[in-house]
Amino acid sequence: MENNEVKDNNVIIYKDTIEMPMIPLRGISISPCILQSFDIGRLNSIESFELSMINGEKIFLASQFDSLVEEPDIDDIYTIGTICSVKQVIRTSETSIRVLVEGLGRAKLEKMWIDENNAWMGQITPIEFDEDQFTDEEKNTLEAYSRRLMKGFENYISIAVEMTSDASMDLADAEGYSMLIDIIASSLFLKFSDRQKILVTLDVEERMKMIYDYLQRELEVIKIDKKINQDVRKQMNKIQKDYYLREQMKAIQKELGEIPDEGEDSGYRAKLNELKIDAETFEKIEKEIEKFERTPVGSPDYNVSKNYLDTIFSLPWNKESRNRFDIKKSEKILNEDHYGLDDVKDRILEYLAVRKLSKNLKGPIICLAGPPGVGKTSIAKSVARSLGRHFVRISLGGVRDEAEIRGHRRTYIGAIPGRIINAMKEAKSKNPVILLDEIDKMASDFKGDPTSAMLEVLDPEQNKYFVDHYLELPFDLSKVLFITTANDLRNIPRPLYDRMEVIDIEGYLEEEKLEIVKNFVLKKQLKENGLNKDFIKMDDEVIKYVINRYTREAGVRQLERTIGKLCRKVVKEMVENPKLKPVTMTKELVVKYLGKEKYRQEPLDMNPQVGLVNGLAWTAVGGVTLEIEVSVLPGKGQIVLTGMMGDVMKESARTGISYIRSIADKLDIEPEFYKNKDIHIHIPEGATPKDGPSAGITMTLATISALTNRPVPGNIAMTGEITLRGRVLAVGGVREKVLAAYRMGIRKIILPKECEADIEKIPETVRNDIEFVLVDKMEEVLEVALLERM
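First residue of the sequence shown: 1, per the UniProt record's numbering; consecutive thereafter.
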């Protein structure tokens, strides 16, 4: 805005831009020429009022589009608001104040921010009206409208019971048409949207027509209201006797405590009339209200019915959060909260882009699958924040009863709604982000199968009419964005799995953990433990030392606890020695604070050995290397399998031995070895359960090595399932397995050829440093990994 005054159409004048405290209002609109009081509870708003009292008792007030938005920015607020003078501020509690303000004039919001005192500030342009600039024709039109408006308003004052003669006295003081309109608008009973429309309309003639239409509407409503009252009186006269007797009966029942006090029904009928629901649902709720009104207070059914109605009217049947479809802002929020996780972020941004163009898009069901601590739950919170929606988390771990999801029928004592409906109550909007945490941990027993109940919740074709057993009414879940999390997809039933879009969140690399500690974890722990952001300094080598020697996980949960422990140790020393200077963390200090190393990475023996092969496995906490040992002893053909192997792994070992029998002559192995030799296959660590087919080629190679006395290089690792005919089949968890081998110094890995696409998921720095050997058959494994006899 220029420093000089700029006139629009010669009437609307934009003054110089100024800065002053501001408040985003929720559900109310403050116009010029009006005195109004309201309560303030948000911390930023309270700080803004306190700042305005210091800076001349002036403040700018503008209304939010959606009152549910807690942290609005300029896109969430009407740009036209009112400059007000603060008349009175009263503290009503420790967290809220009541203020009385007077509207002075309109202004336009150009920019808003939160200052260093945590107060909202706004850059605004005051707006004035130079009505002398109207043409003669415009003045005549406005004068005609104002006379009709004055006449209509005097009529309104005369028939409206709530109005007083003070309103007409205020009109006499009106300076110009704009002020006249604002005074009349402040006296009418208008909805928030109508009052806000008048405020933001700057054209005086258009505003004059608008307020005249509103006034005529109010006059018509009052006339109809008076007619209704007259009809009611006539009807009352006809049934006066019956009414008198009924009132006497009510009074007697009230004395006996058999009916609720007046108003105890909490206005259920009024709430019902406000709901936008289908006729069938409306009728069912109405019948329940009638039943409640007939039920004596002392009856056991009274509280059951009252709790049911309270539940119904606490649900967000018509309330929705205003979606934020700003992709750049959403991307910024996601990147602020999480390092990496590009697949998840891309999918959310794709959803936003499509949703912006297609309003009828059904919410996707996203399943975030990965080991503990990789950020599955926290990314869901960030998604909700980026969309501007409410977030609710439902923990499904250990849920066995179907009623936990669908609720209990009201015939049971103590019946309550299920977790889904309770989540909607908590969200207070129809389109929240609901996180279904640990969906793979649900179990079923004689009480029912909760996974079957989840089918209706997650199926976009069914969840528009989800029926909770307690509610017994269809409730629309189609606008909810469901995000589920799981550690092991194998535990999710197939019908449920098919309804979800799975996004794998794999374990972090050492370099990724390093960046997460530097950019997120260390700053967070310093703040939580009351330390200055520069009080503890850790270089990359020390952070890597903590990562490798004190944690062993795919995620960063244990790492965050470990960094937190370091911070607490420093805080303790600082309290004991107030003169303590900022700490530069070293490996020696880490050992002093955390004790001796928990995990020592013993280097693998890279020398060729007989009957010893490096295998690869995937666990819930990431990939690991396995040293598979095989001994061949004189005996009676027994196969001994030790190391807590599961049934699938045992079958894989026997399949490998059968394959060896089929090619024994090609390998110069004694044909009758399976009769006179005992084969012992062992996988350390013996106390850790292991299962799966992916060690098939590893156990087979180790057995062949032991039978032929031919060594296998120690710098090779492998994974793959084997068949009776020696085919090598694809396995899962390739990325985690390769990273585990890389950490142990292995630079040559044998993989099934079917897993070639998985190699692209491995970070480029690791991928370029490893030689991958892709095989289809076991013979190819033997060519690469089986050396000649020593």
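No lab work stands behind these hints: they were computed from the structure.
Mixed in with the good hints, there may be bad ones.
Here are the computed distance ranges between Cβ atoms for each label pair [as the list claims (entries may be wrong)]: (1) Gly-27 / Glu-138: 31 to 41 Å; (2) Val-591 / Lys-518: 35 to 45 Å; (3) Asp-16 / Met-150: 28 to 38 Å; (4) Glu-651 / Val-575: 28 to 38 Å; (5) Ile-413 / Arg-269: 24 to 34 Å; (6) Asp-769 / Asn-676: 37 to 47 Å; (7) Ile-327 / Ala-757: 24 to 34 Å; (8) Gln-638 / Thr-723: 15 to 25 Å; (9) Ser-96 / Met-150: 34 to 44 Å; (10) Arg-490 / Asn-676: 17 to 27 Å.
Derived DSBU-like pairs (lysine-lysine); straight-line CA-CA distance at most 30 Å [to be verified]: (11) Lys-544 / Lys-527; (12) Lys-666 / Lys-650; (13) Lys-362 / Lys-345; (14) Lys-151 / Lys-223; (15) Lys-329 / Lys-479; (16) Lys-381 / Lys-533; (17) Lys-636 / Lys-592; (18) Lys-209 / Lys-191.
In this text, a Cβ means the ideal position worked out from N, Cα and C, and glycines have one as well.
Violated constraints from the hint list, given by number and in increasing order: Of the numbered hints, 2, 4, 10, 17 do not hold.
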